[in-house]
Amino acid sequence: MKNKIKIFMVFLWAFAGLTACDQFDDNAHTKKVEPVRSVIVLDLQLGDAPTPSEFNVKLINYNERYEINKTMSSDGMLTVDDVIPGIYTITVSAEMNEHGFTYNYSGSVVNTEIIRSGVRQVVKVESSKAGNLVLKEVFYCGSKTPSGGSYFRDQFYEIYNNSETVQNVKGLCIAIINPLTATANLPVWAGEDADKYVYALQIWQVPTDQDYPLNPGESIIIAQMADNHQKPTLNPNSPVNLITAEFETLVRTSSIISDNPAINMTMAFWPSPTPQWLTTVFGGAFVIYFPSQPIVPANYVTPVGSTTKCYKIPISEVVDALELVGNVNQMNLKRMPTVLDAGAATVGGTYNGKSVARKVKETVNGRVILYDTNNSTNDFEVMDTPMIRRYGAKAPSWNTWD
Amino acid sequence: MKNFKYIYWAGVLITTLLTTNVVTAQDAAVKRTSPASIERLKAGSLWMDTYNGAGLVLDNLSYYSDLKFAYGYKNGDYKLNSDGERERAITVSSEGGLKFGGGYIWGSFSYVNEAQRNTLFNTTMLDFDRRMPYYTVDKNLSDFLKQSYNLAMKVASKPLWNKVILGAQAEYRTKVGAKQMDPRSETYVYSINVKPSAVVIMGNHRIGINFEYQNLVQESTTTNSDTQVNQDVFVLRGLGNGYEATVGGLQSLGMFVYKGNQVGGGLQYSYLMDEYRFLLSGNYIYGMEDVISSPSKPKKEGTVKTQEIEAKLVAIKDGDNLQRLELSYADSKLDGIEYVQQLDNTYEVQRWVVLYKSIRSDYKEQIASFKYDFFRGADKNYKWRAGVLAQYKKNDDIYYIPRSTEMVENLFMGINGKYSFGLGKKSNLLVGANFVYKDNLDGHYNYGGAKPDSYIITDFMTPDFEYMTNSYSMFGGDVSYVTSISKNGRTSLFVKAAVDYYKPVDLDSDRIQSTFTLGFTF
Chain A
1 MKNKIKIFMV
11 FLWAFAGLTA
21 CDQFDDNAHT
31 KKVEPVRSVI
41 VLDLQLGDAP
51 TPSEFNVKLI
61 NYNERYEINK
71 TMSSDGMLTV
81 DDVIPGIYTI
91 TVSAEMNEHG
101 FTYNYSGSVV
111 NTEIIRSGVR
121 QVVKVESSKA
131 GNLVLKEVFY
141 CGSKTPSGGS
151 YFRDQFYEIY
161 NNSETVQNVK
171 GLCIAIINPL
181 TATANLPVWA
191 GEDADKYVYA
201 LQIWQVPTDQ
211 DYPLNPGESI
221 IIAQMADNHQ
231 KPTLNPNSPV
241 NLITAEFETL
251 VRTSSIISDN
261 PAINMTMAFW
271 PSPTPQWLTT
281 VFGGAFVIYF
291 PSQPIVPANY
301 VTPVGSTTKC
311 YKIPISEVVD
321 ALELVGNVNQ
331 MNLKRMPTVL
341 DAGAATVGGT
351 YNGKSVARKV
361 KETVNGRVIL
371 YDTNNSTNDF
381 EVMDTPMIRR
391 YGAKAPSWNT
401 WD
Chain H
1 MKNFKYIYWA
11 GVLITTLLTT
21 NVVTAQDAAV
31 KRTSPASIER
41 LKAGSLWMDT
51 YNGAGLVLDN
61 LSYYSDLKFA
71 YGYKNGDYKL
81 NSDGERERAI
91 TVSSEGGLKF
101 GGGYIWGSFS
111 YVNEAQRNTL
121 FNTTMLDFDR
131 RMPYYTVDKN
141 LSDFLKQSYN
151 LAMKVASKPL
161 WNKVILGAQA
171 EYRTKVGAKQ
181 MDPRSETYVY
191 SINVKPSAVV
201 IMGNHRIGIN
211 FEYQNLVQES
221 TTTNSDTQVN
231 QDVFVLRGLG
241 NGYEATVGGL
251 QSLGMFVYKG
261 NQVGGGLQYS
271 YLMDEYRFLL
281 SGNYIYGMED
291 VISSPSKPKK
301 EGTVKTQEIE
311 AKLVAIKDGD
321 NLQRLELSYA
331 DSKLDGIEYV
341 QQLDNTYEVQ
351 RWVVLYKSIR
361 SDYKEQIASF
371 KYDFFRGADK
381 NYKWRAGVLA
391 QYKKNDDIYY
401 IPRSTEMVEN
411 LFMGINGKYS
421 FGLGKKSNLL
431 VGANFVYKDN
441 LDGHYNYGGA
451 KPDSYIITDF
461 MTPDFEYMTN
471 SYSMFGGDVS
481 YVTSISKNGR
491 TSLFVKAAVD
501 YYKPVDLDSD
511 RIQSTFTLGF
521 TF
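Sequences listed follow chains A and H, in order. Okay, so the first sequence: first residue is 1 according to the working numbering, each after it adds one. Okay, so the second sequence: first residue is 1 according to the working numbering, each after it adds one.
By construction, these hints were calculated from the structure, which means they are not laboratory data. Careful, some of the hints might be misleading.
[Said to hold, decoys possible] Here are the simulated DSSO-like pairs of lysine-lysine, each with C-alpha atoms no more than 30 Å apart in a straight line: (1) H:K451 - A:K129; (2) A:K31 - H:K317; (3) H:K364 - H:K300; (4) H:K158 - A:K31; (5) H:K393 - A:K31; (6) H:K158 - A:K32; (7) H:K394 - A:K32; (8) H:K451 - A:K32; (9) H:K158 - H:K393; (10) A:K58 - H:K299; (11) A:K58 - H:K451; (12) A:K32 - H:K393; (13) A:K32 - H:K297; (14) H:K333 - A:K32; (15) H:K300 - A:K31; (16) H:K297 - A:K309; (17) H:K259 - A:K32; (18) H:K451 - A:K361; (19) A:K32 - H:K299; (20) H:K451 - A:K31.
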């Protein structure tokens, strides 16, 4: 009987032990969290640009909503103590005016782990002259109709001449890149130079039939549908009237979609077009660029393991970029290379009738200059009411229907 | 849903077994049963409240069983955010025990259907007993509907060679609940707890040992009825820390799965001396519960490591009257483990990889209790009873980085009594009253996170902390009418009305909870 009791007890212990064993082993010796020390070193690749004396350094832990701001000299090394162990995006930025030019300096390391003390984080910093053409305001999330429905035809993209010289937007392209929405599942691209490109799902181009000059302080509006969206047949609740837009992305007319006064953009690349160029209301990632070669749709590429047709755009040709995400929780789900946009902007929802717009940096002789640090988190702000040609931006002279 | 059918029919079976006079065992002397007699029976038991089922046979308990239908109602604004402004609970329960082949068998079943009106800041959790710090909250006022089934059993063998008793106890619980407004949720919880045990008899000394294993699974999904409007939620990680998330859209918050295992054991020592019986027991539990989101691509939200230790001394004096004294101490510590994870985006892999983990928060609880009850009359149905109680409870929680702390220290003191008024040979009226005063000794809540102005802190954490640190008085009373309904006089019917009224010292709010019960004892 004693043996039976022993067997009984051994069996019970074994049963309980085996079931819980793995889970207990995983965490039995987990230790209390301790802050770590991070060391940041700059790799300056500034070319002919002057070297600023000081850089702003920002460590952002998006999961923790935790941010550390520091400054460091160009020739030194920055030690940051008391960092919560985690995944960080480190951005380095500076700005400098010399010889009449404004230079932007930016560099970043995205989603890097800071979990052990003393590990050096090398941030490559590059310089650029402040961009001439910038995405000024984007209304992407749509609006609500009086009956509570969702309305998405009032999307627009405003491009602004932020420079002091005339810019010609002839042949300028706007593209939305793959993947369409912010996700942790990024596509994998073939080729050793894969990181030298962004990959467009759709590209629209300003016609090349004539020049479209843009004076300093002027902007163009690219509308999904350049109509008065506030008219009764569309959406009286829409925040915008886009009848004066310079361009629209007309695919084909319908009972709702008409060919408006705006100039029709050229559909340069879109393997499977739908009746309208509806970009995702969850926030796409956009680039504007001047292609050095004609766009040939047949020369598409596909990600590894996918049949999605995309078009390669050299990063070197990109004039401006803007990463938009669905909400603040997706800020670290970056699709855009950080050399183009080290941050992201969001209106925080869908169909809420809000837009993102670039902040005003300064006004020089009546000309509004907008922030352009290649970091949308810093450069953009949310606008409760979208507005074309905000801050007194003017329409180009060739827009005779404004 | 299939599970619930099984549980329902198992409950019906147990209820039938426990309430059928046919199975009345050999000890079923014809004596009238009543709620008071069952209360008296349990008060005289040393082993009933231990985790050692084997010891039950040593209490020489007689046959008893009951069947109860209860309707409970709570109303008032002195409450936690997650409680309903009004709550309704319908309960069907049955419990009973009988001698069987020289051993003892005990079982219980209950079904509870709850409706909570206007709850706040709880999107998915069905109960907060296990103090899980990782769960989702939102700020939309909503109703919450819940159902639960509990099955429990204890079994003790007859003493083998008058020396050894083998036994076991087990408990199976399931609960399902649904939040009624967007972001709405469906949550399913199941747990099974098994405790094999043994007792060795050595003269007046009894030494017991038990082991414990528990498995728990909870699945919580959040969705929106109105798919056009995404809903903001906040995933808590302790003391108001956490992260914002969205229900709806492409990056909607995924399902949360909780998987927990718990092992433990206890030792008991009992000594008999004339009219006195003593029991000293100690118990230790060690557990781990993982919280995983988006099971299709699992990401760890956190893990809770639990360690609980408790000790209890029970002394009973039999004789003309029954006296019972309980002293107990319980200490529990929960470690909140969090993870640093990165998505391995390799095409063939695509999974979250844990790079680092650490204990980010700790939750400590200490409870020391004293309880004394006096039952006048040696008969099964006491004439009157009186009791006093005192309980010291301290919760001391910390979130290490960014540093947040919460401490609540309370002392509960209570007095209660019941008197049985005879109403002829067959009936009696049992009238009870109780009073509890909660004295808040100390408390603080310091949030050091990134968003002190967030609604999570101002509208949720802070009001709940104020609730927990408010002293209150609780006045309660109950009246039961009990009458014999069987020919042999053993079976009784009773109706009971009970009311508790809570009045905090520093707040204008209050809360009242009442229960109406129709029951049978056999």
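Hints, verified against the model:
A distance of roughly 37 Å separates the Cα atoms of H:K451 and A:K129; the hinted pair therefore is violated under the 30 Å criterion. In summary, the hint linking A:K31 to H:K317 is not supported, as the alpha carbons are separated by about 48 Å, beyond the 30 Å threshold. The straight-line distance between the Cα atoms of H:K364 and H:K300 is roughly 23 Å, inside the 30 Å bound, and the hint therefore holds. Straight-line distance between C-alpha atoms of H:K158 and A:K31 comes to about 47 Å, which puts the hinted pair past the 30 Å bound.
With a C-alpha separation of about 27 Å, the suggested pairing of H:K393 with A:K31 holds against the 30 Å cut-off. Annotation: proposed proximity of H:K158 to A:K32 is violated, straight-line Cα distance about 49 Å (limit 30 Å). At roughly 22 Å between alpha-carbon atoms, H:K394 and A:K32 fall within 30 Å of each other, so this suggested pair holds. The suggested pairing of H:K451 with A:K32 holds, with an alpha-carbon distance near 23 Å, which does not exceed 30 Å.
For the hint pairing H:K158 with H:K393, the CA-to-CA distance comes to about 39 Å; that exceeds 30 Å, so the pair is violated. Only pairs whose Cα atoms come within 30 Å are accepted, and A:K58 paired with H:K299 is accepted, the gap being roughly 27 Å. At most 30 Å may separate the alpha-carbon atoms for a hinted pair to count; A:K58 and H:K451 meet this at roughly 18 Å. Only pairs whose Cα atoms come within 30 Å are accepted, and A:K32 paired with H:K393 is accepted, the gap being roughly 25 Å.
In summary, the hint linking A:K32 to H:K297 is supported, as the alpha carbons are separated by about 27 Å, within the 30 Å threshold. Of the supplied pair hints, the one linking H:K333 and A:K32 holds, its CA atoms being roughly 14 Å apart against a limit of 30 Å. Taken as a hint, the H:K300 and A:K31 pair is honoured in the structure, with Cα atoms around 17 Å apart against an allowance of 30 Å. Between the alpha carbons of H:K297 and A:K309 the distance comes to roughly 26 Å, so the proposed pair stays at or under 30 Å and holds.
For the given pair, H:K259 sits about 22 Å from A:K32 by alpha-carbon distance, which is consistent with the 30 Å threshold. Distance check on the hinted pair: H:K451 and A:K361 sit about 28 Å apart at the alpha-carbon level, within 30 Å; holds. Of the supplied pair hints, the one linking A:K32 and H:K299 holds, its CA atoms being roughly 21 Å apart against a limit of 30 Å. Distance check on the hinted pair: H:K451 and A:K31 sit about 26 Å apart at the alpha-carbon level, within 30 Å; holds.
In this structure, the hints that do not hold are numbers 1, 2, 4, 6 and 9, in rising order.
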